[in-house]
Structures are given as C-alpha cells and as structure tokens.
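Residue numbers (this note's numbering), protein chains in the order written: chain R, 768 to 1098; chain W, 213 to 481.
Please keep in mind that the hints were generated in silico from the structure rather than gathered at the bench.
A portion of the hints provided could be inaccurate.
[Said to hold, decoys possible] Simulated crosslink set (EDC-like; lysine to aspartate or glutamate; CA at most 16 Å straight-line):
no., chain 1, residue 1, chain 2, residue 2
1, W, K432, R, D922
2, R, K1037, R, E1006
3, W, K467, R, E1058
4, W, K440, R, E917
5, W, K440, R, D897
6, W, K440, R, E913
All values reported here derive from a predicted model rather than from experimental measurement.
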Amino acid sequence: MNKTFGGVWIFGDYRDYFQNRITLQLIAKGRELAETLNTGTTVVLLGDQIHQYAMEYVAHGADTVIVADHQNLKEYEVEKYTTLLAQWVKSYQPEIFLAGATSFGREFFPRLAKRLRTGLSADCVDLEVDPESFLLVQTTPAFGGELLAEVVTPDRRPQMATVHPGVFRELPHNAESVGHIIYPEVDVFPEPRVKIVRSKPQRTGKVSLEDASVVIAGGKGLGSKEQFELLYELAELLEGEVGATRPAVLSGWAGEDRLLGQTGKSVNAKLVISIGTSGALQYITGIQGAETVIAINRNPDAPVFRIVDLGLVADAATVLPILLETLRRRL
Amino acid sequence: MNIVVFVKQVPDVPNIRIDEQRMTIIREGVESIINPLDCVALQASLELREREGGCITVISMGPPQSEEALREALAAGADQAILLTDSAFAGADTLATSHVLAMAVSKLQPFPDLLLCGMQTIDSDTGHVGPQIAEELDLPQVCGVNEIHMDGHLLVLKRLSEGFLDTIRVPLPALLTVSKDLCPVKNLSLGAVEAAFSQKDIIRWAAHDLGLQPDEVGLKGSATHVRKLRPPADRTGGRIVTGSPQFIVDALIHKLESMSILDEEDGNE
Ligand SMILES: Cc1cc2nc3c(=O)[nH]c(=O)nc-3n(C[C@H](O)[C@H](O)[C@H](O)COP(=O)(O)OP(=O)(O)OC[C@H]3O[C@@H](n4cnc5c(N)ncnc54)[C@H](O)[C@@H]3O)c2cc1C
Ligand SMILES: Nc1ncnc2c1ncn2[C@@H]1O[C@H](COP(=O)(O)O)[C@@H](O)[C@H]1O
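With the rest of the complex left out, here is chain R (with noise of 0.2 Å):
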C-alpha cells in the first residue's frame, strides 16, 4: 500500500482554530487505525493561504497533507467543497474518510457520500479496525442514544463517518515532526448557487467548556433557577465552569452554550461533578472524557452512577449549601 498517500484521511475543518480542536483530534485517532491497517494518515485542506494549518496537522502527526490553496476556496462552501472532494476521493482512493461533527461537517459529508455512492455514519463516539475484516467499526448513538449501533460499510469505499468532538484526545505539537506537503493542481469552481453574504461571529461570553478544567454540570433534578445558579458559585470556587443538561437549558437555568452532550459539547476537564442529572447516555456522550467524575442524585439506582468514579446518593437541595458554607470557610 502507498504509505505516502496514506489510506486515512481527515477533513482539514481549520475554521475558528484554537477553539475546534475536532481535526487534530481525528489526525490522532487516524494515525491508531493507519496503523492497523498499515498505511498511513492523510489531512486534505481546503482553503486560501492555510499553509500554516497544514505544518500545524504535521506537527500533530499528520503524514500527508493535500492542500488546495484557492482564493476561491476562501469560504467553506458545500458544493465547492463536495466536487473538489469527490474528484480527489476517485484519484487518490483513500480507504477511510472522517470529518468531525460540527455544523459543516454534518452539512456537506452526507453530500459528498452520496455523490460517491458510500456509506456514512453520524456523530461517532468510537472508530476501530475489526482485527478480522478490517473493516472500520464506527459506532455511533442510536435512539436518541439509548443504545450504541456498530455500523460497517463493507462493500464501498471509502468508509465515511462524521466523529463527535472532544471523544479523541489530540497528539502534542511536534515541530520535529515530518510529512509530505502537497499541492495538486486546482481547477477554478463556477459560483456556488449556494451565496454565504455574512457571517457574524454570535459568541455570546466566553463560555469554554471544552477547555474547562472543573466542569459542574446541573441538570432537572436542581428544581429551580435559584438551586441551578448555585452552581456558579460552587464553579467559582472551584475554578470551573458550569455545564448542563437539556432539560436544565430547556427551562431556562443556563443558555444553550452550557449544553452537555450529543447535541452540546463535550469536555475534557479533570473532574466533572454532575449534580441532580440521571446519566441519559446523550449526556453522559459529553462528560464521558473527563478523567474523574463524581455525582449527587438522591435516586441510588440513577443510572449516572454507573458511569462514576465517586457516586453521592444525596439531596442536592440539602447537600448544596453545606458545600458551599464548608468551601468558603477554607478557601
């Protein structure tokens, strides 16, 4: 197999950096079933001047990254995208192609999959090689995540799947890494039906949850906004920040941006204390990276407590201001 070309690729999703960490993520997880499958792992970026991303998937372990450097590549467009795409899929024939789940992600893949007749799989939370097959097992949340689904595409190629953020740890920057950059030629693209006129930044604060340290995630079981708003003084105290769960969002305790799980974001913080939440698997989705999680529920058979490291079967209402009072007192 060509090792140069490498039979794993990544969609280089450059768009906002140093917060969408989903393509450095992917190039560490591509590298594991490169691996396996003997080849290697290939970023392909589009844009207008991204040179600098390109060195930057090489120093997190990129081997080749295929780069069109286009002016008129200058927005993510789908149909632009989708076409360029798919001649570079029938030329270079890659084995598997995976893109993270963020908007655009989930926008033009299905477009592209369908435009070469293969299969895809949505919002993963795990990716491997069968040992046997040598299939790629994608696995991804079913029933609104009530169970998980193994999915395989075993005739076509390549092998598609969008990857949940912040399931993969990324690999450390290495400057000493090295890798084939490369610049096929480029044809120019007749105007996209498509006409993106303005794209406004809408970050409202600057809630990071993703790079949070200490998460405390509240949901439904708080009761009310004055038990929710606890949170941010226990969050304070702690140097974390305050996540939560839909039904929490849903009856107005914290904005959308707080949002845990399949359909919020996911962390990678230290510890997580989740605090009157069942443990429904959409949500666990986006805790599950923590290295230590600790819950309150006063329901001992919450299913939450099968996930934890340190399972409180308490009354957060009770519980709540005795923690606070004893913080403050040390801190």
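Please build the complex by placing chain W with the ligands on the supplied structure of chain R, with the hints as guidance.
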C-alpha cells in the same frame, strides 16, 4: 410556491424502553409521532403558503402505519400527501432512503420550488437525508435554517453554524433543513382528532411506481450495515456513598483533596 415537506414517523424516543436481553427497543405501548423537527418544517410551509400562495405536498417513506403521520399533516393544512411504502424499502440507510424520496419528488408535476426537511430525526439522528436528496436532485442545500424570507425569486436565510450567524442567499428550487428555532409549532396533535375524519386521500407509491429495482432500495440498496446494537459501556470501580449530608460533603471534599483540586487542610484551626 410549491413546497414539499418530508416527514418521518418516529417512536416517541424519550419514552422507549430497551429489551436488555435482545438489545432491541420495545415499541409496544410507545406512541408514534411525527419527527418533531418535521413539524417545524410543516409549520414553516404553512406560513410560507400564506404569504406566497402555492401548494404543500407532504411525503413520507415508511411502513403502512406512517399514514397516520400524513393524516395529521393533512389535518394541519397540507394539500396533498404521498406515502412511499413497499416491503422492499425496509432496512434502508440514508443513501437508500434519500434515493426513494428523491425519485418521488422527480415524479411531481410541476417540480416543486422548495423542499423542506427536519435537520435530523430523533430515532436515527443522522441529518443525512436532506443533503442527500439535494445531491441526487442537483439542488442547492442549506442546513439548520432558522429564518426564511423571500426577496424576489431568491430565498434569504439565516442559520447558526459553529458560533457564526450566516446570512445566505439561494435561488429556487432549493432544499432546506430546518432547526427548532425557525418557528414555534402549533399543537399538531389537536389536528390528529380531525385527521381521523380527513376526507383527502393519500397517494401511495411502491417501488415499481417509482421505476425502482429492488436492489437499489431498502437493505439491499444500503451502503451501511448495523452489525450490532449494544448498551453503552459502563465505567466500573466507582464508590457509592450514602449517609448524612455532612458525611456526603466530607466524602466530596476528601475526593477533591486527593485530586489536588483543594489543598489539604491542616486539621486543627
Ligand atoms: C436525540 C436526543 C438527543 C439528546 N441530546 C441531549 C444532550 O445533548 N444533552 C442532554 O443533556 N440531554 C440530551 N437529551 C435528553 C436526554 O435523553 C435526557 O432526557 C436528559 O439528559 C436528562 O436530563 P436530566 O438528567 O437533567 O433530567 P432527568 O432525567 O429528569 O433527571 C433528573 C435527576 O435528578 C435526580 N434528582 C431529582 N431531585 C433531586 C434532588 N433534590 N437532589 C438530587 N438529585 C435529584 C433524579 O433522581 C433524576 O435522576 C437528548 C435526547 C434525545 C432524544
Ligand atoms: N423515511 C422518511 N420519510 C420522509 N422523510 C424522511 C425520512 N427519513 C428522513 N426524512 C427527512 O429527513 C430529515 C432528516 O432525517 P435523518 O437524516 O434520518 O436524521 C427528517 O427530518 C425528514 O424531514
């Protein structure tokens, strides 16, 4: 403006239970509903028809009982409903599903101006079907739309994408997938009562009506295979503590100390 809305009948997922032995979902006693985001798409189509005129066609691929979803959509105000049902369609992944749906659209006279999907379903949750219909019909697509306006023959849209609010222009015909923020959904289930009495007929097309061969649809026409369903893996070794509130707080503080998140206390103050 002629609009097609794709609706899927799904189990009311938050209420499903799992058969732990066989790793399947227990559907008995669980209500089937229209996928919530498809209700948003339907509501948006009603508002667009109000402003622009035209006709709304709802299309669903599924087993015969998906008729209920279509009857509800008719009761809510859709003009025409098409049920794509055939035993050969069973087991379809998004590649095969989008093929059947796209073939149904290409049979419509005249070709619709606007195609609306939900951004994703609550049972399979892929969000692939919309973009894949657009690809097959060579239409422009925009996903996750939360505002729709018309400016002459152009659609002017807003959508949130990774913390950016995009303003987008796109000519008709086009396919959009809608987010929950597009519009509030009026209570469609009220319509369900009326639906039982709806006089309108539902059009039914099977594979041969769409000129489809059995190997292009359903399980055979699918590229992906679900090899196994399994429960999420559990972490093990967790310690569960019960006791008085003070005891609980002490256990927590002790853990924080052992992780060096809190400094150890000297003991006597
Ligand atoms: C397609 C899909 C996607 C989803 N995506 C997400 C997602 O991304 N993120 C997400 O969070 N959810 C998501 N959900 C919803 C998810 O299934 C659960 O409904 C949700 O996570 C439950 O939130 P919760 O734990 O706050 O509430 P509940 O399930 O209501 O749990 C409350 C818990 O609090 C406990 N409790 C009650 N009172 C107290 C008290 N006084 N002290 C201590 N404990 C108490 C109860 O015992 C219970 O366990 C999704 C659902 C679907 C169908
Ligand atoms: N069987 C189906 N029949 C009609 N529409 C569907 C079907 N499956 C998916 N859709 C449409 O595609 C959207 C996205 O579905 P999915 O890709 O399954 O998450 C849904 O919200 C529907 O609008």
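These are the hints, each one checked on the structure:
Taking the CA atoms of K432 (chain W) and D922 (chain R), the gap is near 12 Å; set against the 16 Å cutoff, the hint holds. Only pairs whose Cα atoms come within 16 Å are accepted, and K1037 (chain R) paired with E1006 (chain R) is accepted, the gap being roughly 12 Å. The suggested pairing of K467 (chain W) with E1058 (chain R) holds, with an alpha-carbon distance near 13 Å, which does not exceed 16 Å. At most 16 Å may separate the alpha-carbon atoms for a hinted pair to count; K440 (chain W) and E917 (chain R) meet this at roughly 5 Å.
Distance restraint check for K440 (chain W) and D897 (chain R): the Cα-Cα separation of roughly 13 Å lies within the 16 Å cut-off, and the hinted pair is therefore satisfied. Proximity of K440 (chain W) to E913 (chain R) is assessed by CA-CA distance (about 14 Å); at most 16 Å being required, the pair is judged to hold.
No hint from the list above goes unmet by this structure.
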